[in-house]
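Novice: Sequence:
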Amino acid sequence: METGKTHHRSHRPASPRIRVHSPLIDGNGRTGRLLLNFELIKNGLLPIDIKFTDRRKYYDCFDAYHADNKNPEKMVSLIAEYEKVELERYIKIIKQ
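For the record, in the sequence shown the residue sitting at position 61 is 41 according to my numbering, with numbers rising by one throughout.
Read the hints as simulated data drawn from the structure, not as lab findings.
A couple of the hints might just be wrong.
Claimed, not checked - Restricting the straight-line Cα-Cα distance to at most 30 Å, the calculated cross-link-like pairs of lysine-lysine (DSS-like) are:
| # | residue 1 | residue 2 |
| --- | --- | --- |
| 1 | K54 | K64 |
| 2 | K72 | K37 |
| 3 | K22 | K50 |
| 4 | K54 | K22 |
| 5 | K64 | K37 |
| 6 | K22 | K64 |
| 7 | K64 | K75 |
| 8 | K31 | K50 |
| 9 | K31 | K75 |
| 10 | K72 | K54 |
| 11 | K75 | K22 |
| 12 | K50 | K37 |
| 13 | K50 | K64 |
| 14 | K54 | K31 |
| 15 | K31 | K64 |
| 16 | K31 | K72 |
| 17 | K22 | K37 |
| 18 | K72 | K22 |
Unchecked claim - Quick list of simulated restraints, FRET-style, between CB atoms:
| # | residue 1 | residue 2 | range |
| --- | --- | --- | --- |
| 19 | E61 | L15 | 12 to 22 Å |
| 20 | N49 | I71 | 35 to 45 Å |
| 21 | A44 | T11 | 17 to 27 Å |
Small disclaimer: the values here were computed from a predicted structure and weren't measured.
The C-beta atom is built at its ideal place from N, Cα and C for all residues, glycine as well.
Model the full structure from these sequences, guided by the hints.
Specialist: Below is the structure:
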């Protein structure tokens, strides 16, 4: 991270770059999610699939970010939940 602070790597992709991944003006959220996954992979994490059924929760994370003095905690938590699901899925595949 540019700030020089030490953070767990799961905090890095969302924190300094959260505006890049916000819903785009033209409504093309796929591009934003593609950029999010690029950042996750670049930081050694798994790509995630934000479910259509969770889109309200996803958008609420952006609202919370802007309403709470640019605090990324809700987005970081959402991404961490998805990372856990993906990791469990990968482990299950490996064990087969």
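Novice: Of the numbered hints stated earlier in the document, which are not met by this structure?
Specialist: none
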